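Engineer: If you read the sequences in order, they're chains A and B. First residue of the first sequence? That's 0 in numbering that gives the first Met the number 0, and the numbers climb one at a time after it. First residue of the second sequence? That's 0 in numbering that gives the first Met the number 0, and the numbers climb one at a time after it.
Wrong hints could be hidden among the right ones.
Claimed, not checked - Calculated pairs, DSBU-like style, for lysine-lysine (alpha carbon to alpha carbon, straight line, at most 35 Å):
1. B:Lys141 x A:Lys207
2. A:Lys221 x B:Lys141
3. B:Lys141 x A:Lys118
4. A:Lys207 x A:Lys221
5. A:Lys207 x B:Lys554
6. A:Lys185 x A:Lys207
7. B:Lys567 x A:Lys48
8. A:Lys161 x A:Lys118
9. B:Lys141 x A:Lys373
What the hints contain is simulated information worked out from the structure, not anything from laboratory work. Predicted model only: the values in this text are computed from it and were never measured.
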Amino acid sequence: MQRKTFLKGLIAAGALATVPLAAAAQQDPIIIGEINHYKRMAAFAEPYKMGIELAIEETNAAGGVMGRPLEFIFRDDQGEPGEAVKIAEELMTRDGAVMLTGTILSNVGLAISSFAGEKGYVYLASEPLADSLVWAAGNPYTFRLRASTFMQAAMLAEAAAKTDATRFATIAPNYAYGKDAVAAFKENLLKLKPDAEFVAEQWPALFKIDAGAEVQALERAKPDAIYNVTFGPDLAKFVRDGTDRGLFDGRDVYGLLSGEPEYLDPLGDEAPEGWTVTGFPWYDLEDGPDGAFVKAYQKRYDDYPRLGSIVGYMTVQSIVAALEKAGSTETEAIRAAFEGLEVDSAMGPITFREIDNQSTMGAYVGTTALEDGKGVMVDWEYKDGANYLPTDEEVRALRPAQ
Amino acid sequence: MEFFVAQILTGLANASSLFLVACGLSLIFGVTRIVNFAHGSLYMLGAYIGLTLMEVLPGHFGFWGSILLAGIAVGLIGVVIEMLVLRPVYRAPELFQLVATFGVILVIQDLALLIWGPEDQLGPRAPGLRGVFRIMGEPIPKYDIVLLIITPFIALALWWMMTRTRLGVLVRAATQDREMVGALGVNQAWLFTGVFALGSALAGLGGALQLPKGGADLLMDFTILTPVFVVVVIGGMGSLPGAYLAAIIISVLNVFGVTYIPQSTLVLMFIVMIVVLMIRPYGLLGREEVAGEHGQVGEPEEPIKPASARVRAIVAVGLALLALLPLFGGNFALVLTTDILIFCLFAASLHFLLGLGGMVSFGHAAYYGGGAYVAALLVTWTETPMELAFLLAPIGAGLIAIVVGWVCLRLTGVYFAMLTLAFAQLLWSLVWQWQEVTGGDDGLVNIWPAGWLNDNTIYFYVALVFSVGGILMLRHVAHSPFGYALRAARDSKRQAEATGIDTRRVQLLAFTFAGFMGGLAGALFVFSKGSVFPNELEIVRSFDALIVVFLGGVKTLAGGVVGAGFFKGVEDVLTRFEYWRLIMGLLIIFVVVVAPEGIVGSLRRAWRHFGPGDSQDAATTKEERRL
Numbered sequence: 000m001q002r003k004t005f006l007k008g009l010i011a012a013g014a015l016a017t018v019p020l021a022a023a024a025q026q027d028p029i030i031i032g033e034i035n036h037y038k039r040m041a042a043f044a045e046p047y048k049m050g051i052e053l054a055i056e057e058t059n060a061a062g063g064v065m066g067r068p069l070e071f072i073f074r075d076d077q078g079e080p081g082e083a084v085k086i087a088e089e090l091m092t093r094d095g096a097v098m099l100t101g102t103i104l105s106n107v108g109l110a111i112s113s114f115a116g117e118k119g120y121v122y123l124a125s126e127p128l129a130d131s132l133v134w135a136a137g138n139p140y141t142f143r144l145r146a147s148t149f150m151q152a153a154m155l156a157e158a159a160a161k162t163d164a165t166r167f168a169t170i171a172p173n174y175a176y177g178k179d180a181v182a183a184f185k186e187n188l189l190k191l192k193p194d195a196e197f198v199a200e201q202w203p204a205l206f207k208i209d210a211g212a213e214v215q216a217l218e219r220a221k222p223d224a225i226y227n228v229t230f231g232p233d234l235a236k237f238v239r240d241g242t243d244r245g246l247f248d249g250r251d252v253y254g255l256l257s258g259e260p261e262y263l264d265p266l267g268d269e270a271p272e273g274w275t276v277t278g279f280p281w282y283d284l285e286d287g288p289d290g291a292f293v294k295a296y297q298k299r300y301d302d303y304p305r306l307g308s309i310v311g312y313m314t315v316q317s318i319v320a321a322l323e324k325a326g327s328t329e330t331e332a333i334r335a336a337f338e339g340l341e342v343d344s345a346m347g348p349i350t351f352r353e354i355d356n357q358s359t360m361g362a363y364v365g366t367t368a369l370e371d372g373k374g375v376m377v378d379w380e381y382k383d384g385a386n387y388l389p390t391d392e393e394v395r396a397l398r399p400a401q
Numbered sequence: 000m001e002f003f004v005a006q007i008l009t010g011l012a013n014a015s016s017l018f019l020v021a022c023g024l025s026l027i028f029g030v031t032r033i034v035n036f037a038h039g040s041l042y043m044l045g046a047y048i049g050l051t052l053m054e055v056l057p058g059h060f061g062f063w064g065s066i067l068l069a070g071i072a073v074g075l076i077g078v079v080i081e082m083l084v085l086r087p088v089y090r091a092p093e094l095f096q097l098v099a100t101f102g103v104i105l106v107i108q109d110l111a112l113l114i115w116g117p118e119d120q121l122g123p124r125a126p127g128l129r130g131v132f133r134i135m136g137e138p139i140p141k142y143d144i145v146l147l148i149i150t151p152f153i154a155l156a157l158w159w160m161m162t163r164t165r166l167g168v169l170v171r172a173a174t175q176d177r178e179m180v181g182a183l184g185v186n187q188a189w190l191f192t193g194v195f196a197l198g199s200a201l202a203g204l205g206g207a208l209q210l211p212k213g214g215a216d217l218l219m220d221f222t223i224l225t226p227v228f229v230v231v232v233i234g235g236m237g238s239l240p241g242a243y244l245a246a247i248i249i250s251v252l253n254v255f256g257v258t259y260i261p262q263s264t265l266v267l268m269f270i271v272m273i274v275v276l277m278i279r280p281y282g283l284l285g286r287e288e289v290a291g292e293h294g295q296v297g298e299p300e301e302p303i304k305p306a307s308a309r310v311r312a313i314v315a316v317g318l319a320l321l322a323l324l325p326l327f328g329g330n331f332a333l334v335l336t337t338d339i340l341i342f343c344l345f346a347a348s349l350h351f352l353l354g355l356g357g358m359v360s361f362g363h364a365a366y367y368g369g370g371a372y373v374a375a376l377l378v379t380w381t382e383t384p385m386e387l388a389f390l391l392a393p394i395g396a397g398l399i400a401i402v403v404g405w406v407c408l409r410l411t412g413v414y415f416a417m418l419t420l421a422f423a424q425l426l427w428s429l430v431w432q433w434q435e436v437t438g439g440d441d442g443l444v445n446i447w448p449a450g451w452l453n454d455n456t457i458y459f460y461v462a463l464v465f466s467v468g469g470i471l472m473l474r475h476v477a478h479s480p481f482g483y484a485l486r487a488a489r490d491s492k493r494q495a496e497a498t499g500i501d502t503r504r505v506q507l508l509a510f511t512f513a514g515f516m517g518g519l520a521g522a523l524f525v526f527s528k529g530s531v532f533p534n535e536l537e538i539v540r541s542f543d544a545l546i547v548v549f550l551g552g553v554k555t556l557a558g559g560v561v562g563a564g565f566f567k568g569v570e571d572v573l574t575r576f577e578y579w580r581l582i583m584g585l586l587i588i589f590v591v592v593v594a595p596e597g598i599v600g601s602l603r604r605a606w607r608h609f610g611p612g613d614s615q616d617a618a619t620t621k622e623e624r625r626l
């Protein structure tokens, strides 16, 4: 039984590379293995999955890829890296997937990436943000779609450098993502504004923030501006306590990811006003490919898109583009196709850079405001990710020698 | 000075929910001796139910009424849990009930997701309490002030109930000696139900009260669990004033920690706990445990004996079949079996500690993850060849175990368990925080086996040889004189010492040996996955092993291995379904209720009942009849 599906997978994978087989074999779907934390991070993974499904439906309605329908197998890894690696193996060797994609959590993304590099499977990391995924721990088989921690922090640092603020305080969850986000912000800010000074650094434990104490500690340092990396339940508590105690009065606040509907919407009418954030202002998108995406999404579902939705949608767009370019489902062909791949995505044209396999997908940067009792982004601008990456020399130094 | 006062007030306000949840846990443990892991889930339910009610009920009355009603509702849920899940297993081996409560956690997680959806919910503001009071010029949120006034009243009410009412007398009596209370004609079943309901209601109340300071989300059950356990242990299990004192100490210290050592947020409370337990082994206000109180509940364990020729033959055939797996199984079958083998060795090492040594460790992941990290660090930083790193990993884990064991073995019972948990958490925090060396949450990647081993089939044989070898060795040690000494130390420390056994040394050696074997499993793990992350050191990993050992059967030699194999296999199938946690939780509860001696124990009983001549069918029909 297992063997049969395995063989079928092999045939499917080799179908186009070898001589044209029977018509029936041609119609076998191209299978993509998708691994995510559907239970552990349901609020994030579900909209993402809906974005993927929308794109698959559109692709298949338009005749599929290379004349074959596209199919995703979605698997839950419980948020465990070890589990994800096991599932990746199963998807590739038993289910006949031609490549892997998925994950939100960086650690799971890194585990799959290391596995993919070792076994020679193509992995498109859709959402994990860790810089090391394409740099320090990068490998030729791993590609990343979303704008990384470094890129988004650089966008906020650019905005911060334009103000008069010199005394900065930071608050970030005490783990790899938080530390990377603070380091990237510092690095970019000091480059643009050498006299900037960091007067306080707060490191609450992830999802265990003691908001009152953190707010008091930040207030005590009397900063001009605050850089916030907390998210989820921590952000809600931080915003509530900070607003109550007047921490944000008369201060510039920069919030990494804070403008994403995933994080902003749960705050309801207590969403902070006047923060400079990266996020996803779907409500304002009308023209252009992103507007078309929002329309299609709302037509298909009785729901509005989150950032995850458009990332899921662009994941499929990228994979379709790679497969079309490769003209084959062979791993090496797909890998080669991804290098320098140009995609007309829902956020406009993006490129998977040859130098580090990072896409140039950007982010929306804007200011938060309250409208009709909920937080929105105003005065936003789409920033192209290509402008917020280190120089090629720096990237070469970061990536391990091949 | 102003700042100082503001800090203390913030700390006191934070102590409020923590105290309510912790004293509920403490009460339940004091009377029923159940370590209720599902207490965090009850807290989460309190938050969600309170939130739902607040949306319906308006105004001041609605807000405070919702909090009270949420407490009552969670109390009723507690009654249901106690009667359906816990009552059937009170006579099971010590601590077996905690497995049942773990099943409850899984069920509640999926139910909460079903009912309230995945998105985080922000709690509503208390009506009329938005904004701050200025105290000596420092802004303090109004709700904080209300909380820190309410909490002492709730504490006083509880104290009054405990000292002035009949229920309180019974509860205190049961905490001291529950057999005696039963002998005096008190209906224990209802007393247990009542206490469990009260404890649950307090957890629910804590969850609802914190709403204006946060909200409700699906992760809060595990988030609150560790601080609550720490508070209960520091205060002394079963002591309410202790829980209050400890909640305040932890909360206030945490506020100052945040200000003066912002990086300390992860480790502070564990360090406090270790220090307190070093000075006062039973917590600040706890009392020394009476010898025998934690003795074996239920039937005495039967002596272990070497496997019969028939069993040996069956196992040999099974192993031979396993060895032939690459011939008929696919690639994935090999990977899955490798995972299961590794987990079996991990579970067997904990089973050795728990079953034979009677030492309940809540932190066994420290050696499993520790071994994995030793290997990964060696490969990453010193470019040690894989073969050498693989062999050094268990030694490193063993060394960790010596240190931890040396400190922890001063304590016994639940305090011992909590101290092992504290050390595991310390190690986890170290790895999580020391990013330059350990990679923090981003872990260590590209830790692959040496070229000649880097093939699924070959690595499968490596895992097979080392796992089975390790398990057989653990079994062999159980039958050795050392194993006898270990069990003697477990069953009667005094008698064992009288016969000249240095029980402490024997136990420390056993602890180290179990750590060594856990480290071996960790080394096998890291090279099979190619990466390691702090997850492998988390509490959840320790619980995984704990649960399969109990479900397999603590009082049997094969329990750990059988439980691990069974549940890892089931998990692989179940996780393909959407609501798999619900099914898994129900399955765990089902096994707990139907087979309180674990899978192996119950099978053995069934086997013996029908005699070796009977077929397996007889056993199943009997099971069906009972149902």
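Engineer: Next, verify each hint and record whether it holds.
Structural biologist: Taking the hints in turn, this is what the structure says about them:
1. B:Lys141 x A:Lys207: OK: Lys141 of chain B and Lys207 of chain A at ~22 Å, within 35 Å.
2. A:Lys221 x B:Lys141: Holds, at about 23 Å.
3. B:Lys141 x A:Lys118: violated, 58 Å
4. A:Lys207 x A:Lys221: holds, 24 Å
5. A:Lys207 x B:Lys554: violated, 38 Å
6. A:Lys185 x A:Lys207: holds, 25 Å
7. B:Lys567 x A:Lys48: Holds, because 27 Å separates the two Cα atoms, which is no more than 35 Å.
8. A:Lys161 x A:Lys118: violated, 46 Å
9. B:Lys141 x A:Lys373: holds, 24 Å
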